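Trainee: Listed below are the residues making up each chain.
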Amino acid sequence: MSSREDIPADERLPAVETVRGQALDAGIQAGKESDFSISEDRLNDISLRPMFYTTKTYYVLTIILALIVAWGAACWGYQIVMGMGVTDLRHPVFWGLYISAFVFWVGVSHSGTMVSSILRLSKANWRRPILRGAEAMTVFSLLVAGLFPVIHVGRLWRIYYMFPLPNQRELWVNFRSPLAWDMAAIFVYLTSAFIFLFVGLLPDIALARDYCPAKNWRKGYLKFLALGWRGSHRQWIVYEKVSLYLAIFILMIAPSVHTIVSWDFAMSITPNWHTSIFGPYFVVGAIYSGIAGVITLMVTLRWIFNLDEIIRVTHLTNLSKVLLLMSIMWGYFYFTEFITSWYGNNPTETAIWRWQTDRFGPMLFTMLGINIFSIAALAFDSVRKSPGKLFVIGILVNVAMFIERYLIVVPVLTHRDNPFTWTDYIPSFVESSIAVAAMAWFLLLYALFVKILPIVTVSDIREGNALSCDMAFGNRHIRVHGDAEE
Amino acid sequence: MDRRTFMKLGGAVAAAGMTGACGQAAQKIIPYAIPPNDGVNPVEGWFYSTTCRMCDAGCGIMVRTVEGRAKKVEGNPDHPINRGGVCARGQAAVQQYYHPERLKTALKRTGAKGNNSFTPIPIDEALNLLAERMKTARGKGSFVIASDANDVTSAIAWKILGVLGSTDFAVPALNGREKHVRSMAFAKGLGTLPYYDISQLGFLLLLGADILESGFSPVHYAGAYGEMRRGNPVRRGRMVYVGRRMSMTAASADRFIAANPGSLGFLSMGLSHEVFRIAGDNGLLKKIPVSLKEKWKSALGDYTPQMVMEKTAVPAKVITGLARELLEQMPSQAIPGDDVVCHSNGVDSLNAAAFLNALLKQIARDGNLLKKPDLPEEDISFYLRMKGFIGVPEASHDYAVFRKILRQSAKGQTALGMIIDANPVHTAPRSLKTAEALAKTGFLACFSSFLNDTTRFADVVIPAAHFLESWSAQIGDYPVGLPVLSTIQPVVKPAVGVIQTGDALIQAASKAGIKLDVKNQEEVVKSLVKRFRPEMYSIPRKLDANGVWEYCLRNGGWWPEPDKSKLSPRYVPPVQMPAVEKIKIANPKYAGGKDYGFNLHLYKTVNMGYGEAVNLPWLLEMPEPMTTLSWDSWVEINPKTAVKLGIDNGDVLKIESPFGSVEAPAFIYPGIAPNTVAMPFGWGHESFGRHASGRGANPMALLGDFPAENSDEPAWRAVKVKIGKTGKKRKMVREGNPEGEYEAEVFQL
Amino acid sequence: MTLKSFNDKHDNDYHWAMVIDLDCCDGCGACTIACQAENNVPTVGEERAYDKRTMSWLRIERYFEGEWPNLRVVFLPMLCQQCDKAPCEPVCPVFATYHNPEGLNVMVYNRCIGTRFCGNNCPFGVRKFNWFKNRWEEPLEQQLNPDISVREKGVMEKCTFCMQRIRRGKDHAKDEGREVRDGEIIPACAQTCPTKAITFGNIRDSKSKVAELAKSKRRHHLLEEHGLETHVIYLKGGE
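Protein chains in written order, with the numbering used here: chain A, 1 to 486; chain B, 1001 to 1749; chain C, 2001 to 2239.
With the rest of the complex left out, here is chain A (with noise of 0.2 angstroms):
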């Protein structure tokens, strides 16, 4: 199948025409051809251009990212021969930098896959071009989160002690411990996670397979990871079903693990951790710096690689509009959070807030002053629809999030029950540098991803675009979406 005239005509991608004449057959009345719309061709040079055209100053970036992963990866060799003391952890602090990028990277991927799964089943049409990218984020950044534990346990070489392996001792893992469930809901999500994305990725791959000049390096993978898709009537039914019901499974993994990841907090007698809270409260804030980080993601693919067509503003508006709505409710939680522990005046616990706006107040007023600069900020239609600034929130929050997953893990452990061993802890710079590397590892897993596999979910859009069309109203047209199913 060297060509596209080698495929049998009745296995060939459906051209623009045929969906749209289903959609027609669906009864969408079809009005003139759109200014918006993008023929096929056009759409896939757009999409899939960044897989195949590379500039220099990718290669300098992804270098440098390279380096940073590098060095990163050298200090945690440093970490594994020297021990854990590398770090600035202590007694009673054992937990510190690694847990609290731990959480915040869990949540950064909690709103990839997630909203995908959410906006798939609400069917919301501005979906379409931001699915890749977030279903990708999600996938990465839990690869860089599942890292963490890893680099923070103390024996890295009996790990595997942790998974439930067959043993002379008959020894299970400890399943009433909140890492034991935690492993697993990880191991889950990331599996599914993946499996989404691929899912989604098939159709693309397939395009891009085609799309591939016959003597590029990639043709060979893409033939392979294709798994043979033609686009048939079949292939696509199919394709919808798993689309729709891992959408659904999704949508029920996503909350529980950050509950989960919750719980390793929430299930110590620690104070200040030890609320019921924390599950929706670690929920929705993984959401809400989920959402930030698609945001960011989004503008920054949208500069790189001129999707400016794919990924209009509107996208980037609708997001911002759950991004506002999660950062009221993130409000909230952290607000309901406060007063409950202040009002309960439980005297260790105030101990720590007051620990925490001495020792930490610079933190926590960044932390704080963010958040509610955002909300503001959003508030604004002009913010909500320029991407520079929806950008510079984007980056803003995640920053403030990760501020807050080190307020919750850190002052805490300084400060906790037996007051004789109150102490100070700044992560050192071993713990910094893998930590700055972990998003240097993020980042270049997203642009590898970029180069081998197509960004922008071309299927989908060629799907909404054969969907929508303009209706003419008297002389105005406006422009109407219709679903293929419905």
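Calculated directly from the structure, the hints in this document are not laboratory data. Quantities reported herein were computed from a predicted structural model and do not represent experimental measurements. Positions of the beta carbon are idealized from the N, C-alpha and C atoms, including for glycine. There's no promise every hint is true.
Chain B side only, calculated, beta carbon under 8 angstroms to chain C, not exhaustive [claimed, not checked]: (1) Gly1075; (2) Arg1177; (3) Gln1329; (4) Met1622; (5) Leu1749.
Derived pair list, reagent style BS3-like, types lysine-lysine, alpha-carbon separation capped at 30 angstroms [unchecked claim]: (6) C/Lys2153 / C/Lys2174; (7) A/Lys123 / A/Lys321; (8) B/Lys1594 / B/Lys1725; (9) C/Lys2236 / B/Lys1731; (10) B/Lys1584 / B/Lys1317; (11) B/Lys1731 / C/Lys2133; (12) C/Lys2207 / C/Lys2174; (13) B/Lys1725 / B/Lys1433; (14) B/Lys1104 / C/Lys2133.
With chain A held as given, fit chains B and C onto it using these hints.
Mentor: Showing chains B and C alone in chain A's frame:
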């Protein structure tokens, strides 16, 4: 079988497996979580009874050895000094024994004195060098500086010193011992250290006495303290501390009373005044002759609460209250400590305290206020007879002897000096110029396990065996209500390359032609036990000489039955009333004029003492109990003073006295008087291995030739200093949290 | 058999407990060094001690109240409280810490992977983590107690109530076909305590000294509000 069938079958098998396994899962998993024997397979070891020599208190210990290696020090529960307890320093003996820096060869000086340049030589050669000097040193001035005067090694050294025609045997320590002894001679007519049995007390008044950390036997007093507190189920002994600093002992007291420095003699007299007055009012003095009462009245008359309040800053009401408590909660006692002793008016103040104690005891006896058991009287004469076996006179503890040695050495008048396990260069006030004097000694032989500040000036260093691999015996330094002979035996095979100090001395002496009629240290110990046998009145009579020897080794020595009711002290002196009319408390005098605004309060910490074992990581890392600091020395300063002077924790301060200055990081400590700074002894070694060298500041640099009245020992609590910031800052290893330390209510204590 | 009933089961004759009389404790710290010597607890050096990486299983906490001269001091020897409802146990994903039938929280060092969750969940801060490889410079390693292991880097450790001594005592009793006698097993800290503030024994034996002392009106458990059922019983100081 096609694929589908295979999958079905596989599923069925898996399901069957699951069903089978589920039923017993919990029973299986949990017991398997518990390893057999909890994963511990203990080894049997041998316990050898011996005596701790980490300080000279002489606690009985049992050392657990496994496969010929010393593993752990345990207290000997039968030993009357420590009753099973061991302090942190004693526990660290095993680490000292296995210290990587132990000397394992003799050393001969190659460079100039003080340069620390040595070449290793065989021990025999070193002993030859020493022997040559012994031959020529006869009558030309020789001395011994030791860390203890009560053990067999000292006995051997003393004997050799005698043959060399000298009596200059010095045991220099800034512990006020000679003043204590002098005061006891004044109060009881017999010059020994005082002993206070606090275990049965109803009320204990500590006059700056840090008995639990820096007294003559902290472990013994700690045991008695525990007994005083909770030994008696119906009554808890009360303890009040008067002093300048919240020491570890003061922290254990029920009440802390701040008093001016050098004023505790006045307080003792004032308390005697009040006790006398109140007891008289209550008719408790009826048995005392009127003439005596008149004498006391006139002697105590000046020390009214108002007058004492002016001197001590203790409110008059509190003084009267204390006197009342002393009377009401009999048996009661006052123990004078370093605050009393080591001030300019030390001896008189001690005498005043001795009078207060005698008065209290007299009243208690007369008024039948004591419940059984009575306070046992120490058997001083017996103890003195025991000490006679060693031979080193009590006077060797006088600073005068040490001063004399230094004086003569500085003039080049000593041909031979031997330093046994002591480090006077570090532990003597810098201004006495110990180092300079030792550098001028004709030939200096140091018997030491480690290279230290003093061995720098040695001509030969002889690698002394550790006490865990030595034979020795010690007469309990002062009676603990009982006479004690503690034996020391090797618990492990001696290391190669070391020699017991006594053996080295005997061998060198015999090479020098000095006849001692003993072959080695072990034999001296044996003969000592043999000579002792007639005195051992509480061991089975039928034991032969060998039996007694084994008895001693097994038990760690000999002492009478610990049961006091069975003990019949041979000598019970009546309550001797000191001649109170001779006690005249002088106002405290200070070294340092008006420029010097702060009182200097030096003290021994419980883990470091005078720094003998400051090279042990266990002790270095052990947080000092009151400050929770480790790994470095510090200077304590009151929080309010610190605020006034803008000093923060870790600011390096320059402490300047008229005699010298040191630099140490500030530690803001709420338990120190505002006009006082406190520093621990023991730090600041110039040369003591890599752990101790250059670590911390040695406050000996601040002390000078400022003898107390009636004594040669420097009055080291009567020094004034000024402090200044250097602008430097130092990290302090502190276990506690400065804020958290005030949050005890979390634990509802 | 559920997990709860396992933890609660009373079919064992021994339940070890410790009574610490705060009225007797003078804070001298002998116990800390005794523990270090007995249990192969390493020293970490000045730098690491500054970073709060000391490994001591037992420490003396010193608290202040008030200010000069009306200062009150409380010493609190802090060691693993051997909770019956130990918060450290359920959170360990690999069963490295478990409850043994005699009421002790025991560590299996070989199972530990160093998630440090147990340390986080311990309100007393008595669990210690091996941040680095510990070294014993020759010949200091000869002092190491052969009864118990030297812990690897990356492993949690804590007070075991001198498990090896308990085992030895029980072995001796078994050899002689009897129960362990009261006072026969003494942990290193209790053995060395100069003031005899520490008493150790079987609290299930109503005649034992710990059981007697535990009846005291001064009895106090730390952080009782957490419901941990600690088995280090403090007797409050003061009159």
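Trainee: It remains to establish, for every hint, whether it holds in the given structure.
Mentor: Now for the hints, and whether the structure bears them out:
Because the closest C-beta pair between B/Gly1075 and chain C is about 6 angstroms apart, less than 8 angstroms, the hint holds. With 8 angstroms as the threshold, the beta carbon of B/Arg1177 stays out of range of chain C, its nearest partner Cβ sitting at about 22 angstroms, so the hint is violated. Because the closest C-beta pair between B/Gln1329 and chain C is about 12 angstroms apart, greater than 8 angstroms, the hint is violated. Restraint check, B/Met1622 versus chain C: the minimum CB separation of about 6 angstroms is within 8 angstroms; hint holds.
Taking 8 angstroms as the C-beta contact cut-off toward chain C, the hint placing B/Leu1749 at the interface holds, the least distance being around 5 angstroms. Proximity of C/Lys2153 to C/Lys2174 is assessed by CA-CA distance (about 36 angstroms); at most 30 angstroms being required, the pair is judged violated. For the suggested pair A/Lys123 and A/Lys321, the alpha carbons sit about 17 angstroms apart, so the restraint of at most 30 angstroms is met. Between B/Lys1594 and B/Lys1725 the CA atoms are separated by roughly 19 angstroms; this keeps the pair inside 30 angstroms, and the hint holds.
A C-alpha spacing of about 35 angstroms is found between C/Lys2236 and B/Lys1731, which places the hinted pair above 30 angstroms, so the restraint is violated. Simply put, B/Lys1584 and B/Lys1317 have alpha-carbon atoms about 24 angstroms apart, close enough for the 30 angstroms limit, and the pair holds. For a cut-off of 30 angstroms, the pair hint linking B/Lys1731 to C/Lys2133 stands: about 24 angstroms separates their Cα positions. The straight-line distance between the Cα atoms of C/Lys2207 and C/Lys2174 is roughly 20 angstroms, inside the 30 angstroms bound, and the hint therefore holds.
At roughly 28 angstroms between alpha-carbon atoms, B/Lys1725 and B/Lys1433 fall within 30 angstroms of each other, so this suggested pair holds. For the hint pairing B/Lys1104 with C/Lys2133, the CA-to-CA distance comes to about 28 angstroms; that is within 30 angstroms, so the pair holds.
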